[in-house]
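Undergrad: Which chain is which? The protein sequence lines are A, B and C, in order.
46 is the number that UniProt numbering gives to position 46 of the first sequence; each next residue is one higher, with no gaps.
314 is the number that UniProt numbering gives to position 314 of the second sequence; each next residue is one higher, with no gaps.
174 is the number that UniProt numbering gives to position 174 of the third sequence; each next residue is one higher, with no gaps.
Calculated directly from the structure, the hints in this document are not laboratory data.
Check the hints yourself; a few may be wrong.
[Stated by the list, open to error] Here are the simulated DSSO-like cross-link-like pairs (lysine-lysine), alpha carbons at most 30 Å apart as the crow flies: (1) B:LYS62 x C:LYS230; (2) C:LYS176 x A:LYS13; (3) C:LYS217 x B:LYS61; (4) C:LYS176 x C:LYS217; (5) C:LYS146 x A:LYS79; (6) B:LYS10 x C:LYS222; (7) A:LYS79 x C:LYS183; (8) B:LYS506 x B:LYS369; (9) B:LYS130 x B:LYS159; (10) C:LYS217 x C:LYS230; (11) B:LYS369 x B:LYS447.
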Amino acid sequence: MSGENSSKDSGDKEYVRLVSSDGFEYSILRSAAAVSGTLRGMLSQSSNFVEAKQNRVVLPNISGVLLEKVCEYLYYNLKHQNNPGNIPEFDVPPEMALELLVASDFLDGKDGSIRSE
Amino acid sequence: MMSSGKSRVKMRPPRNRDSGDVNFDDSWAVLSTAMQEMYRKNASRLSYEELYRTAYTLVLKKHAERLYNSFKTFVAQHLREIVSTELAPLASNTTNSLLTSTIGGGGVTSTIAVPLAAADKREGGIRFLKAVKAQWDDHCLCMRMISDILMYMDRVYCKELQLPLIYDAGLALFRDHVIRNNEFQVGEHIYAIILDQIQLERDGDIVDTSAIKATVLMLESLTEDKIDGETVYSRSFEPKFLRSSVDFYTAETDKLSRECDSSQYLIKTEKRLQEEFERAMSYLSMTSEPKITKIVEENLITKNFVSVIKSDASGLTYMISNDRFDDLKRLYRLCKRVDPEKTDLRSALMARIIQQGGEINQDALEVLKHPDKSKGVTVQNAATIAAFKWVEEVLGLKEKYDCILNDTMDGDNQIQTSLTNAFSSFINQINRCSEFLSLFIDDNLKKGLKGKTEDEAEAVLDRAITLFRYITDKDMFETYYKTHLAKRLLGGRSISDDVERMMITKLKMEVGFSFTTKLEGMFKDMKVSNDIMQEYKAHVQITDPERTIDMSVSVLTSTNWPVSLSTIESHTCVYPPEIERIKRSFEKFYVDRHSGRVLTWNPNMGNADIRVAFRKRKHELNVSTYAMVILMLFNDLADGESLTFEEIKAATSIPDNELIRNLQSLAVVPKTRILIKQPMSKDINVADRFSFNLGFESQYIRIKIPTVAYINKTETETERKGTMDKVDELRRYQTDAAIVRIMKARKSLEHNILVAEVTGQLSSHFRPDAALIKKRIDAMLEREYIERSAENRQMYHYLA
Amino acid sequence: MSRNAGGSRVRGPNSALTEFLRERGIDANAIRHRYEETLQQQATTSPDTVVTVSGSSATSRSLSRDEVETTVSSSSRSRKRTKKKHEDSDDEGELLARMTRPRPGQIDFCAECQCRFTVTAYSKTARDGNGLLCHSCGSKYAQEEKQQKKTQISSRKRKKSIAAALLDKQEFAVPKLQDLCIKVIAKYIEDVEILGDIGDFNMEKIARILSRNRSLKDNTLKLFLNPSIKRLHFWDCSNLSSDSLELIASYCPLLESLTLSMCGQMTDKVIDYYSTNLRNLHSLTINGGFLITSGCWVRFFDKIGSQLVRFSLANTLRFNRESLQALVRNCSATLEELSLSRVGSLKNEDIPLLLQLPKLTALELSYMRDAITDDDVIDLLRVIGPRLVTLNLDDSGDLTDKFLLEGVRPYCGRLQNLSLALCDGFTDAGVRDVFKDWEFNNGLINANFSRCTNVGDEAIQALIDHSAKTLVILNLNSVYKLTTATFQLLASSDCEFLSQLDFGFVHCVGDEEIEVLTERCKSLQLIEAYGNIRITELAKVKRGVKVLGRQSDSL
C-alpha cells in the first residue's frame with residue numbers, strides 16, 4: 001500500500017482519502033479510486049455530494065484490512081489496465097474472499113465500469 | 001492442480017453491519033428525503049456513500065422491487081406537483097387562446113378567455129417553453145444523481161429483469177407525468193406554441209428559435225417505451241406539425257398560383273423549400289426534414305407544375321423565347337426534385353422543339369415552292385438557298401437548346417436524350433434532310449470555306465456532323481454525299497484536299513469504318529490515276545513523241561463511285577478518230593499493266609480544253625467531253641453549213657439527255673453561244689439545225705462553258721426519284737446481306753427475333769421498315785438461302 | 001506418391017469432420033494447392049543471392065525449432081512433420097555454410113570485433129551470415145539469441161491467453177475483483193460454511209462456476225439455499241442426488257423460478273415433492289430429466305399447472321401426448337412461454353393441442369424434426385401468432401416457404417425473436433417474400449437463420465431492409481450463399497442496435513467487410529467469425545468489439 005501520509009492536504013486533487021469502518025484512512029491516487037465505479041461516482045466533481053467536496057469517502061461497511069486489499073487491487077488494476085495481456089495474478093487470500101467479494105460488489109458501481117474513462 | 005482439501009482455511013462469511021432484516025420504510029425515508037433535497041439543489045449536504053449504501057442494502061435484502069416502485073411513485077408525484085404548481089398557472093395566463101382548438105375542456109383551461117395582444121401571447125408562449133425546459137433540466141440533473149446512488153439496483157435488479165434503468169425510467173416518468181399529464185397536457189401546450197411560432201415565421205416574423213430548439217431536443221430525448229426509435233417528438237409532435245404544414249401549403253399553392261406568374265412562382269417555391277429545410281435543420285429535427293420537404297414538393301410542385309410549365313404568358317415557351325435562363329434553371333431544379341424522370345419538363349421541351357422545327361421545315365419548303373423570282377432566283381438556286389436556310393436554322397435551334405441544356409440543366413442526360421429525340425423527329429420529318437445536308441457540305445467544300453483557317457473549317461464541318469447525327473437514313477446521305485463528292489473530285493472543284501479528308505475522318509468517327517470505305521476509295525482512285533498518268537505521259541514521250549493532244553484519264557473503281565457513273569449503255573459516244581486513237585493507246589497501256597481489267601469510259605464526267613479560231617481571235621474553251629465531240633464535228637464542215645440534231649446524234653451516238661444538255665450550253669446560254677441554233681429558242685428540238693458561230697466574241701481568252709447538268713443544285717423531282725430508286729436497291733442488298741449474315745451465324749431463328757436483329761444491324765445506315773425486311777426474307781426463302789422450319793412456321797433455318 | 005494423380009475413385013470411410021469440411025469446399029487438395037502457391041510466391045518474390053540465403057535459412061531454423069517447442073502438446077504426427085521439414089532446410093544451410101566456413105583450427109578474424117581467433121567447431125556464424133565470431137562475441141550473441149527466443153515465446157503465450165479468453169467470450173481486461181474472489185470461493189467451496197449476503201447475482205455466478213467445474217455437489221448445494229430465495233439456476237446437476245434435489249424445495253419454499261440442467265437424477269418423487277411444496281413456482285426449466293415419467297408430469301400439471309407462466313423442457317423421451325394434454329388442460333389461462341426442445345416423444349399429431357394455449361407469447365419447438373409440419377404450425381399461428389413475441393423452430397427441416405408466407409407473414413405482427421436455425425426447407429425467394437414490405441410487423445430484434453443453407457442474398461437483404469432499425473442479434477452462421485453485397489447493405493443500413501453478429505463460415509466476409517461493419521454499426525460488441533478464412537489479424541476492428549474465432553487468434 002502506497003501510504004502517502006505526507007499529503008495531508010484534502011484539497012489536493014490528485015489524491016483522495018478512503019476511511020474504513022475501524023478508522024483507518026488511506027490516501028490513494030484519484031485515478032486509482034476511479035477504477036471503482038462507486039468511488040468515481042462519489043468523487044465526481046460534477047455531482048455535488050459531500051464526498052466530492054471533501055475529497056474523502058467514509059466507508060462504514062468496509063474494515064481496514066479489507067480496504068487495504070481493495071486499495072491494492074485498485075492500484076493493480078490501474079497499473080495493468082492498458083496492457084492486460086500478460087499480468088501477474090492478484091492474490092486473494094481465501095479466508096477473506098467472501099468479505100472481499102461483498103466489498104468489491106459494493107464498490108463496483110455500474111457494470112463494466114472498471115476501465116478508466 | 002490445487003486440491004481444495006489440502007489446506008483447510010476458514011472462509012470468513014461477510015459480516016454485514018446491517019445484518020438481519022432492514023426496515024424498508026426507514027431506509028426509504030432516508031432516500032426520499034435525500035431526493036427531495038436534490039430537487040431543491042441541496043445535494044452538497046448529502047453523503048453519497050450513505051445513500052448508496054442504504055440503497056445497496058435494500059437491494060441486497062431483496063427489496064429492490066419495492067425500492068424501484070417507490071422511486072417511480074415518488075418521482076411521478078413530484079412531477080405532477082410541479083405541473084400543477086409551476087407550469088399550469090403559467091400556461092393558463094398565456095397560452096389558452098392558442099389552445100381552444102387543441103384541448104377540449106382540460107382541467108385548468110378556459111377560464112380566462114380575454115384575447116391578449118398577439119405579441120404578448122407569443123412572448124408568453126416562449127416563456128412557457130422556457131419554464132418547461134428549466135424543469136426538464138432540473139429533472140435530468142436529479143435523475144443523474146439519483147441513478148448514481150441507485151447504481152447498485154440498476155446493475156443487479158434492472159438489468160437482470162430487463163427493466164428500464166433508473167435514469168431512463170426517470171425520463172419516461174417525465175414523459176408520462178409532465179408532457180402527457182392527464183390533467184394538464186403540458187405537451188399539447190408545447191406543440192401548439194411551437195406550431196404557432198412556425199406559423200409566425202412562415203408569415204415573415206422573426207421568432208426565438210433557441211427556446212424552440214431546446215424544447216425539441218427535450219421531446220426528442222423522450223423515447224417511447226417500445227424500442228423502435230420512436231420519441232415523443234416523432235410520435236406526438238411531428239404528426240401535428242406535418243398536418244398543419246399540409247394545410248398551410250395547400251392554401252399557399254392556391255395563393256401563389258393565383259397571384260404569381262410562373263417566374264415568381266418558381267422563386268417563391270424555392271424560397272419556401274429553403275426555409276423549411278433551414279427550419280428543420282436549425283430548430284426542428286433532422287428526421288422531419290425529408291417529410292416536410294415532401295409536403296412542400298407535393299403541393300407546390302407536383303400538384304401545380306404542369307400549369308406553371310404550360311402557362312402561355314410566362315411558361316416554358318416564354319422562358320425559352322426570352323432567354324429567361326434563371327427561370328429555366330429553377331424550373332429544372334424543382335422538376336428534378338419531385339420527379340427524377342422529369343417527365344413533364346421533358347415532354348414540354350420536346351413539344352416545343354418539334355413545333356419550332358416544324359416551322360423551320362415549313363419555311364424551307366415554302367422557299368422551294370415559291371422561289372423569289374424577282375431576285376433572279378431559279379428553281380434550282382432556290383433549292384440551294386432553302387437547303388442553306390434550313391441547315392442554318394436547324395443548327396441555330398440546336399445551339400440554342402444546347403445552351404439551355406448546359407447552362408440551365410446541368411447537361412442532364414435524360415433531357416439531352418429528349419432533345420435528341422425531338423430534333424431527330426422533326427429533322428427526319430422532312431424527307432429531303434439528307435440532300436439538304438449534303439448540299440450544305442458540298443457548297444462549303446466548293447466555295448464556302450475558301451480562305452478560312454483550318455480551325456474555322458473544322459467548326460463548320462462539326463456543325464454539319466451534329467446534324468448528320470440526327471439523320472436516320474444515313475445511307476441516303478451517303479448516296480448524296482458520294483455523288484457530290486464525285487463531282488467535286490472529277491471536276492477538280494474541291495477547295496482543299498485536307499478539308500475533304502477531315503470531313504471523311506469525322507464521318508468515320510461518327511458511323512464507323514464501313515461507312516467511309518467507299519469515300520476513301522474515291523480519294524485513292526484519284527491518287528492512283530495521277531500516278532498512272534505520269535507513267536503514261538512518260539510512255540507517250542517515248543512511243544509517240546509527236547502527239548499534240550494531251551489526255552488525262554481518271555481510272556475509277558466502279559464500286560466506289562456513284563452508280564450513275566458506271567452504267568455503260570447510257571454513256572455511249574463515238575469519238576473523233578484522233579481522240580479515238582489516243583483512247584486506244586491508253587487502253588492498251590493500261591491493260592498491259594493490269595491485265596484482266598476492263599475499262600469503261602465515262603465521257604459525261606470528262607472535260608476538254610480546245611482551242612477554237614473565231615473570226616476575231618482564237619479562244620481557249622473549256623468544255624465537257626461531249627461538247628468537245630460535238631464541236632469537233634464542225635471542224636469538217638465548211639463555213640455556213642449546218643447539222644441537224646438528228647445528224648449530230650447519228651454521228652456521235654451521245655445519249656439524248658446528254659446531247660440536249662450539251663447543245664443547250666453551247667447554243668442557248670447567251671454568253672457561251674459557240675453554235676447558232678435555228679430556230680432560236682430555249683429548248684432543243686429534233687428538227688433544230690446548228691451551225692458554227694464564227695462571229696463569237698468574248699473579252700476573255702479562256703472561257704469555261706459549263707454544262708447545265710454540272711451546276712450542282714438540288715435535284716429535280718425526276719432526279720430525286722432516280723436517287724431514291726438507287727437507294728432502295730442498295731437497301732435491298734444490305735437487307736439481304738444482313739439476313740444471310742445473321743442466319744449463317746445463328747443457323748435457326750424465329751421470325752420476330754430475326755427481324756429484330758436485322759433491324760439492329762441496319763439501323764446505323766437507315767431506318768429499315770418491317771415490310772421491307774419481311775419482303776427480303778421472302779426473297780431469301782425463294783432463293784433458298786433459308787427455309788421455313790417444318791414444325792414451326794415462324795422458324796427459319798439457314799441453308800448452307 | 002500422389003494418390004489423387006492416379007485417378008483412383010475409391011475412397012475410404014470419411015470422418016464426420018472430413019465430410020463437414022468437404023461440404024464447405026475444404027479438402028486436402030485445395031489446402032495443399034494453396035500452400036504450394038504461397039511457397040511459389042515466396043520463391044518468386046525473394047530471388048536472393050547465395051549469401052543472404054544462408055542467412056535467412058538460419059533465422060527460419062530458429063523459428064521452426066521454436067514452433068516445435070510450442071506445439072509439443074499437439075499430435076506427434078504433426079511434430080514429426082515439422083521436424084522433418086526443418087531438417088531438410090538444415091541440410092541445405094549446413095551444406096552452404098560448410099562450403100564457405102573455415103575449418104576448425106584455422107585462424108580467422110572475428111566478424112564483429114575484428115580480432116584474431118582460432119576457429120573451433122563451436123564458433124558461431126555472424127548474424128548477417130558473413131564470417132564467424134570470436135569466442136567472446138559468440139557467447140554474447142548466444143545470450144541475445146536466447147533472450148530473443150524467450151520474448152518470442154512469451155509473446156506467443158500472451159497471444160494464446162488472449163485467444164483463450166476470447167473463446168470464453170470474456171472481456172479481455174484486468175479481471176474484476178468480484179470475479180477473482182468468486183474464483184477463489186469456488187475453488188475453496190468445500191471450506192465455505194455459509195455464503196452470507198453476497199447478492200443473488202454473485203451467488204448465481206458462483207453456482208455457474210461450480211457447474212462448469214462439476215463441483216456442484218450435495219454438500220455445496222446447501223450454500224445456495226435459503227428460505228428467502230426466489231430464483232435458482234443450476235446449470236449442471238449431474239452430481240446432485242435426488243435427495244439433494246428434493247432439498248431445494250424444502251429449503252426454499254418461496255421459489256418462483258427454478259432452472260435445473262443436466263438433472264439426470266431427477267425422479268418422479270422429486271417433481272411430486274416440488275408440486276406440493278413450491279407454492280409460488282411459476283417458471284420451471286428442466287433439462288435432461290429423462291427419468292421423469294409421463295404420468296408424473298400429468299400429476300404435476302394437475303396440481304400446480306394453473307400457476308405456471310413459463311415451462312421449459314429439453315432432452316427427454318417420456319413427455320408424451322398425455323403430458324401435453326395435462327399441460328394445456330391446466331395451463332391455458334396462465335402459460336405465456338413454452339419451450340420444448342429435443343422432446344422426441346411428441347409427434348406431429350400432438351402439435352394441434354397447443355391451440356389451447358391462447359396466452360402464449362413465446363414458443364419454442366426445436367429439434368423435433370418429425371413433429372413439425374407446415375400445416376400444423378400454420379394452423380397454430382393463425383390462433384396464437386398475433387400475440388407471439390418469440391418463435392423458435394430450430395431444426396425443423398420439413399418446414400417450407402409455405403409456413404413463412406401463410407403462417408409467419410400474415411399472423412405474427414408482434415414477433416421480435418425468430419429462430420429458424422437448420423431449417424433448410426426455406427428458399428431465398430421465400431424468406432425474401434416474408435420480409436419484403438412486411439409493414440404488419442415492426443421489426444425483429446433477434447433473428448437466427450444459421451445453417452439455412454438455401455437462403456441467400458435476397459432473403460437476408462430483405463430482412464435487413466425490414467429490421468435494420470430493431471435488430472440486436474443476427475445469426476447468419478453458415479449461410480454460405482451470402483455475398484459481400486449483403487454485408488455492405490448491413491453496414492450501410494444504420495443498424496443502431498445491432499450488437500451481436502455471427503457470420504461464421506460465410507466465406508465472402510473478409511477484413512474489409514468486418515472493418516466497415518464495426519465502423520458503421522455503432523452498438524456492435526460481439527462478432528463470431530469461426531471459419532472465415534478471409535478474416536486476418538490485419539483487420540482493423542474498432543475498439544470494444546470482440547471478434548471470436550479468427551484463425552489468426554488461435555496461433
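Undergrad: Against this structure, judge whether each hint is valid.
TA: So, going through the hints one by one against the coordinates:
Between B:LYS62 and C:LYS230, the direct Cα distance comes to roughly 10 Å. Compliance with the 30 Å bound is thereby established for this hinted pair. Between C:LYS176 and A:LYS13 the CA atoms are separated by roughly 26 Å; this keeps the pair inside 30 Å, and the hint holds. The straight-line distance between the Cα atoms of C:LYS217 and B:LYS61 is roughly 26 Å, inside the 30 Å bound, and the hint therefore holds. Pair hint C:LYS176 plus C:LYS217 holds up; C-alpha atoms about 26 Å apart against a cutoff of 30 Å.
Taken as a hint, the C:LYS146 and A:LYS79 pair is honoured in the structure, with Cα atoms around 28 Å apart against an allowance of 30 Å. Between B:LYS10 and C:LYS222 the alpha-carbon distance is near 17 Å, which keeps this suggested pair within the 30 Å criterion. Of the pairs offered as hints, the one joining A:LYS79 and C:LYS183 holds, with about 22 Å between alpha carbons and a cut-off of 30 Å not exceeded. Among the hinted pairs, B:LYS506 with B:LYS369 is inconsistent with the structure: their alpha-carbon atoms are about 33 Å apart, more than 30 Å.
Between B:LYS130 and B:LYS159, the direct Cα distance comes to roughly 35 Å. Violation of the 30 Å bound is thereby established for this hinted pair. Proximity of C:LYS217 to C:LYS230 is assessed by CA-CA distance (about 21 Å); at most 30 Å being required, the pair is judged to hold. The hinted pair formed by B:LYS369 and B:LYS447 meets the criterion: a straight-line CA distance of about 26 Å does not exceed 30 Å.
Figure legend: structure checked against the earlier numbered hints; hints not met, in rising order: 8, 9.
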